[in-house]
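Chain order of the listed sequences is A and B.
As numbered in the UniProt record's numbering, residues 1 to 434 make up the first sequence, in order.
As numbered in the UniProt record's numbering, residues 1 to 434 make up the second sequence, in order.
Don't take every hint at face value.
Note that identical chains are pooled: a pair holds if it fits in a single copy or bridges any two copies.
[To be verified] Straight-line Cα separation of at most 20 angstroms, SDA-like style, residue types lysine to any residue; simulated pairs:
1. 201 - 18
2. 28 - 222
3. 179 - 342
4. 201 - 305
5. 30 - 222
6. 28 - 223
7. 342 - 116
8. 28 - 225
9. 342 - 292
10. 91 - 67
11. 28 - 179
12. 13 - 305
13. 13 - 195
14. 30 - 76
15. 302 - 56
16. 179 - 247
17. 274 - 27
18. 342 - 32
19. 28 - 218
20. 30 - 375
21. 13 - 33
22. 201 - 96
Hints are computed from structural coordinates only; laboratory data are not their basis.
There are 2 protein chains.
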Amino acid sequence: MITWNTLTSAQQKDALTRPVMALAGSVKSKVSEIINAVEQRGDEAVLELTRQFDCNTLKTLPLSSRQLTELASQVNDVTRQAIEAAYANIKRFHIAQQQPAVVVETRPGVICEQHSDAIESVGLYIPGGSAPLPSTVLMLGVPAQVAGCKTRILCTPPNVNGTIAPEIAYAASLCGIQKVFLCGGAQAIAAMALGTQTITKVDKIYGPGNRFVTEAKQQVSQRNDGAAIDMPAGPSEVLVIADASANAQFVAADLLSQAEHGEDSQAILVCSSKEVIEQTQRAVESQLQVLSRQSTASVAMKNARYILTQSVDESVLVSNQYAPEHLIVQTEDARALLPAIKNAGSVFLGAWSPESAGDYASGTNHVLPTYGFARTYSSLGLSDFVRRYTVQEITQQGLQEIGQTICVLAEAEGLDAHKRAVSIRLQALEEASK
Amino acid sequence: MITWNTLTSAQQKDALTRPVMALAGSVKSKVSEIINAVEQRGDEAVLELTRQFDCNTLKTLPLSSRQLTELASQVNDVTRQAIEAAYANIKRFHIAQQQPAVVVETRPGVICEQHSDAIESVGLYIPGGSAPLPSTVLMLGVPAQVAGCKTRILCTPPNVNGTIAPEIAYAASLCGIQKVFLCGGAQAIAAMALGTQTITKVDKIYGPGNRFVTEAKQQVSQRNDGAAIDMPAGPSEVLVIADASANAQFVAADLLSQAEHGEDSQAILVCSSKEVIEQTQRAVESQLQVLSRQSTASVAMKNARYILTQSVDESVLVSNQYAPEHLIVQTEDARALLPAIKNAGSVFLGAWSPESAGDYASGTNHVLPTYGFARTYSSLGLSDFVRRYTVQEITQQGLQEIGQTICVLAEAEGLDAHKRAVSIRLQALEEASK
């Protein structure tokens, strides 16, 4: 337990410092080799790597739409209903994010507008691993569908049998994904960014992944012929603000639900009650015993931090400094703190709003900025699937209204032709009026 | 003149290919050296480089607020009024972009919200060069001010006398810039991204610059301890769609106003009338003669392309494929084409809407995605100065409503602790109701 106000500001900074994300140079060069291979040999390289890493008998990358339908139909009723319920809530929340066009007449006859339009083609990446991630399919697939992105493809590594989980297939079909390709890792990212014979080149790539995927996304986003990406990635993290009114069992359960994600997950409790911290520590110990991912969670919890503050307000300042991906607030009047809260990716207010709700089913997106990126990056939303562009339409009167301003500024900046593009028009108007 | 429909699709692609932005390896390594120097030696390194490149007698990096006020007061009345008029229009348009919070009750008792909040500290970069760029100060400073970014600093290289243009100072003071630092190039970007003794470390950096600045922005944005950046950069470009009704003199003036930006500027006319193309070519020749930046513009115009199409609709398809930074539409009913127009950063409708209007004074932002990035990146706007985050507040009833969905999905994904964070709460509710 760390008592915040006994620390120097350097020690405070230390207490909130995330472990360095040191990427082995070998990962960078391996990824760059894979990107080169995919660029040069296309499908052949992707298939080769997929056989090597995922399924050595795989014949072809695309999952046919018959296979997709067949797989989707295998989902059991209970899971199907849960996927549908989550899909409906996520869709509702992302539809609500649609923005009307902005239209302003800044001066008489000078109409300025801001519109948004779907990014034409998007590629969604769903990692493989020990269990399928249908929730991530929904978090990426729903906003792409609501935005109206014309081309929506999905890459996910096949299992050893050369297929994917029915849950993934069902979620993908709900989101109207047009093509599913059986590949993962850096090779999948390279294929979507550069295109191959069968995999469509897309404009932007979304989704989580291991360090090879993350590095591949960084590398393709730096290429002019590559693809944009959703946001930089780091280990998942939660910060819980609690006070004396908090239920320590709930707080412990929330910290552990973060910790089970991975050994590098960060869980931080910032609490103005010493008793609640101690109760939480005991509750963590006892709840850990029954978890299926106990070994992962206990490694992560070794790095958990318990910070004692003097007040809830001080707790908020600690959180603002850390800039957590997830912020859970279990205090007496959680909503009252909202105006003071800065730099959090997603905020969960009150005792009945566990992070799992946002991870799966409430409607908010679970793709969030980690590693302090919440200071500048946004929670994934509809606007990440659209491009905003401006439009202006100026009438003759409008140009007369602002023409002088343009000419003076263009002259101040030494841009003669800019000035002439206006003066030639003003002259034409003058001549016409004679 | 290129006749579009006589080209194969490979030739069409070729005709719209931008020159490769080949960055000499020496730029990359030079920039990385500068960033290291600033990281290690702070102000000392920045001052050293500024003396070397900009003003060898410079004593200190910050411009005092007295100096700023003094400089600002030197602007002549005509220019002051023009800066004020542009400021007012830009402000109006960016205020209109403010978004209300999104609040949706996705299920009874499940409240999902999306809010936005200003990015706390921003750094604006204004390049030096032969003439001052007050318009760019406004384009970056106004949205930062409207968003309410708490810390707003500006870096710009000093002239040989160790000062800056009064126009820059006046625009900066209108935008409420708190600190101006006399430095430019990669060293200014490094200083804002990493912080020095006198230059504040900022969360996000905005603004145009030469290849050293651009490369420095890329490099700091890839560092976990660096800063986010506005968007990738490339040479400026315009595409004009015209038909037989277009005024060739206006079209020529618009192409030239792009061409005077730099020798690598791209100007493309896509026109369904052979006559208008020929008239425009002649008008370009004659207008070039009187331009002050004739030598720059004529180099750029050597790479200009004149593409003849069979219809306005075909012209729109060409533009969509190119994804221009600026798109000027001089056709009979320009607005009617808007729904079909994709992938343009900013669209100028009709004969009386020259690009210069948006560059300076109409209200729209002139920081726009170039080099085809308009496919995924947006025109700079208020939302680039805020972060969106989500909030959820779930009632007891709400959790009972979606609890089962969360538990089923968490189980499908093998995330036991996620499930327990809900079930432990549902159990508590059940016990309480007994």
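Cross-check of the supplied hints:
1. For a Cα distance limit of 20 angstroms, the shortest separation of residue 201 from residue 18 across copies, 18 angstroms, qualifies, whereas the shortest one inside one copy, 35 angstroms, does not.
2. Taking identical chains as interchangeable, the C-alpha atoms of residue 28 and residue 222 lie at most 20 angstroms apart whether they share a chain (13 angstroms) or sit on different chains (13 angstroms).
3. Proximity of residue 179 and residue 342 under a CA criterion of 20 angstroms is satisfied in neither setting, with 39 angstroms inside one chain copy and 23 angstroms between copies.
4. In this homomeric assembly, residue 201 and residue 305 never come within 20 angstroms of each other (Cα to Cα): the closest approach is 43 angstroms inside a single copy and 27 angstroms across copies.
5. Taking the closest pair of Cα atoms, residue 30 and residue 222 come within 20 angstroms of each other both inside a single copy (17 angstroms) and across two copies (18 angstroms).
6. In this assembly of identical chains, the alpha carbons of residue 28 and residue 223 lie at most 20 angstroms apart whether taken from the same copy (15 angstroms) or from different copies (14 angstroms).
7. Taking the shortest Cα distances, residue 342 and residue 116 sit within 20 angstroms of each other only across copies (10 angstroms), while inside one copy they are farther apart (27 angstroms).
8. For the identical chains of this complex, residue 28 and residue 225 are neighbours both inside a copy (19 angstroms) and across copies (19 angstroms), given an alpha-carbon limit of 20 angstroms.
9. When the C-alpha separation of residue 342 and residue 292 is checked against a cutoff of 20 angstroms, the pair qualifies neither within a copy, at 34 angstroms, nor between copies, at 50 angstroms.
10. In this assembly of identical chains, the alpha carbons of residue 91 and residue 67 never lie at most 20 angstroms apart, being 26 angstroms within a copy and 54 angstroms across copies at closest.
11. In this assembly of identical chains, the alpha carbons of residue 28 and residue 179 never lie at most 20 angstroms apart, being 29 angstroms within a copy and 38 angstroms across copies at closest.
12. Taking CA atoms no more than 20 angstroms apart as the test, residue 13 paired with residue 305 passes inside one copy only; the shortest distance there is 13 angstroms, against 56 angstroms between copies.
13. In this assembly of identical chains, residue 13 and residue 195 lie within 20 angstroms of each other by CA distance solely across copies; the values are 16 angstroms between and 44 angstroms within a copy.
14. With identical chains, the CA atoms of residue 30 and residue 76 are never at most 20 angstroms apart, being 40 angstroms at best within one copy and 59 angstroms at best between copies.
15. Proximity of residue 302 and residue 56 under a CA criterion of 20 angstroms is satisfied in neither setting, with 38 angstroms inside one chain copy and 54 angstroms between copies.
16. Taking CA atoms no more than 20 angstroms apart as the test, residue 179 paired with residue 247 passes in neither setting, with 46 angstroms inside one copy and 46 angstroms between copies.
17. With identical chains, the CA atoms of residue 274 and residue 27 are never at most 20 angstroms apart, being 43 angstroms at best within one copy and 54 angstroms at best between copies.
18. In this homomeric assembly, residue 342 and residue 32 never come within 20 angstroms of each other (Cα to Cα): the closest approach is 37 angstroms inside a single copy and 32 angstroms across copies.
19. Taking CA atoms no more than 20 angstroms apart as the test, residue 28 paired with residue 218 passes in both settings, with 10 angstroms inside one copy and 17 angstroms between copies.
20. Proximity of residue 30 and residue 375 under a CA criterion of 20 angstroms is satisfied in neither setting, with 31 angstroms inside one chain copy and 29 angstroms between copies.
21. Proximity of residue 13 to residue 33 under the C-alpha cut-off of 20 angstroms is found in neither arrangement, the shortest distances being 38 angstroms within a copy and 27 angstroms between copies.
22. With identical chains, the CA atoms of residue 201 and residue 96 are never at most 20 angstroms apart, being 30 angstroms at best within one copy and 36 angstroms at best between copies.
Hints 3, 4, 9, 10, 11, 14, 15, 16, 17, 18, 20, 21 and 22 from the earlier list are contradicted by this structure; the remaining hints agree with it.
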